[in-house]
Amino acid sequence: MSDFDIKNIAKLASINLSAEEQEKLTNDLSIILEHVQALSSLELDTNIEDVFIHPLEKELKLVEDIEIDSLTHEEALSNAPESKDGKFVVPPSME
Amino acid sequence: MELKNLSIRQLNNLFVDKKAKPSELYSDIFDASASSESLLHAHLSLFEEKNLENAKKSDKRFEKGESTGLLDGIPIAIKDNINIKGELTTCSSKMLSNYRSPYNATVIEKLNNENALYTGKTNLDEFAMGSSTENSAFGLTKNPWNTEYVPGGSSGGSAASVSARSSIGALGSDTGGSIRQPAAFCGLVGFKPTYGTVSRYGLIAFASSLDQIGPITKNVDDARIIYNAISGHDALDATSIDNNQTNIPFDKSAKIGVIKELMEDGISDDSRNEVSKVLENLKKQGYQIKEVSLPLIKLSISIYYLIAPAECSANLARFDGVRYGLRVEGKTSYEMMQNTRAEGFGDEVKRRILLGTYALSAGYYDEYYGKALRARKKMIDEFSNIFNDVDYLISPTTPTAAFKAGEKTSNPLEMYMSDLCTIPANLAGLPAISIPTGLSKEKLPLGVQIMSKPLTDLSLLNFSEIIEKEVDFNTSPEGLEK
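Those sequence lines, one after another, are chains A and B. Residue numbers for the first sequence follow the numbering used here, beginning at 2 and rising by one. Residue numbers for the second sequence follow the numbering used here, beginning at -8 and rising by one.
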């Protein structure tokens, strides 16, 4: 796992990690990734098109395009850490 | 006999015959939680008052002969990753410690239609990631059979609650064994239905192609009653399918396969002995039994620990401190997200998000996630071929009985191995059930798992009931009285 860059992965996953966490997680993930290397010995169909997201169905049903009751504006905002004038409030995107 | 020890059908008969009332059962159940909760910590929240009112409404329906069916007035515990409108749904995570659901999961709507009652929300491994309920941000749950041991996980609170009789049945969710493993560890029945037959709408997603809601109960009939109530196509879940069941034989003409790879190394003698005991019993009854081989099963942990974390890393991206849950301030939105996720997620959740992020990242996708998907497809083909030959597959549910709290927390891979027997059914979308059959040398429960082909859930339940009758396991824990 020489190319395993925990800082880059944590950045992609948007999680700040302490130095201690970085060390521990690098170790844990290396062990797990070594274990999953067992798959490399498998001869597999390389046609990725055959791969699915549902273990049983090839085609999933589409929902009819009709209006149904959903959350009210208030309900949708009810768990927001901060909201104002019916909108979510977040810190600025740039300093 | 105390009401809390009875089956759903027995309770319903008593209610219909006016020999007992749902409100009496509810009091019985709450007396049980009053004595067990401080010891076990099965529930994260209890709904006593609100549901006592609902229990009294059930009383009236039975008085007037207007009950709505078998689940009317039956107290069910709900795993705390399933939304009940107006209640907290924490997923046992700091991230959602104040999250109050603005809507009902489809399974809750269905149970509401039946006038089922809820005892409260049960503890789980954070976001259902774990096998011992030790990963809860709100403290671990203990095994009612012996409180030094874990109840299994991730639906450990649900299993401990049914075992301790602080609910009649419970809903759990099963992504790699999270219903069946805790059921086995607590001496109960745990049923993971065919993928897509129970709506996932309102279940906080962990790994969407694997997650499935199902019951944990004292017996197979209770599991069937709850399954019948919660299953069916739901337009709100894109992966939901029509529950068109196929009947396969469950009498002596049924062909049974015992999975060779799950009776070998890595499986304890205790677990193997339970399977042998059941097979012996079936043989005596005249069932045909043969050994079958599914070589890819040995790689199921590897396949699972690429697919599940990959899906988890995508699903849990929604916890960003913007729309719900915890927010830890930062100078910019990005900093706020990083700080929020650092503080809101526990170690195991971080581990899986990072593993999934890596498996999906540029340059590694084909090597890891792509390969795991293709291996999963191959495993499904292996199962399909085997089911041309046999009707049911038998194996242990778990490699060992329950382990002690703290025993596996320092070694994630060792913890993952405890799901060796249960993960294949999730990867292949199969219905799978664990039924309690006996005790280990340490007097802890052990279960046997039975799987069948997709959409044969009801036949699987019928077949399991035959084994259950023969084994006659007493599901009442002795440890609670210690």
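Source of the hints: derived by calculation from the structure; they are not laboratory data. Hints should not be assumed to be uniformly reliable.
As the list claims (entries may be wrong) - Quick partial rundown of chain B residues pointing at chain A, CB under 8 Å, derived from the structure: (1) R91; (2) N95; (3) M254; (4) L290; (5) S293; (6) R309; (7) G312; (8) G321; (9) T323; (10) S324; (11) Q329; (12) L345; (13) L430; (14) K432; (15) P445; (16) L449.
Yeah, the Cβ is synthetic: ideal placement off N, Cα and C, and Gly gets one too.
Hint-by-hint comparison with the structure:
| no. | hint | verdict |
| --- | --- | --- |
| 1 | R91 | 6 Å, holds |
| 2 | N95 | 12 Å, violated |
| 3 | M254 | 20 Å, violated |
| 4 | L290 | 6 Å, holds |
| 5 | S293 | 4 Å, holds |
| 6 | R309 | 11 Å, violated |
| 7 | G312 | 6 Å, holds |
| 8 | G321 | 6 Å, holds |
| 9 | T323 | 6 Å, holds |
| 10 | S324 | 5 Å, holds |
| 11 | Q329 | 4 Å, holds |
| 12 | L345 | 5 Å, holds |
| 13 | L430 | 31 Å, violated |
| 14 | K432 | 29 Å, violated |
| 15 | P445 | 5 Å, holds |
| 16 | L449 | 17 Å, violated |
The structure fails hints 2, 3, 6, 13, 14, 16 (numbered hints given earlier, in ascending order).
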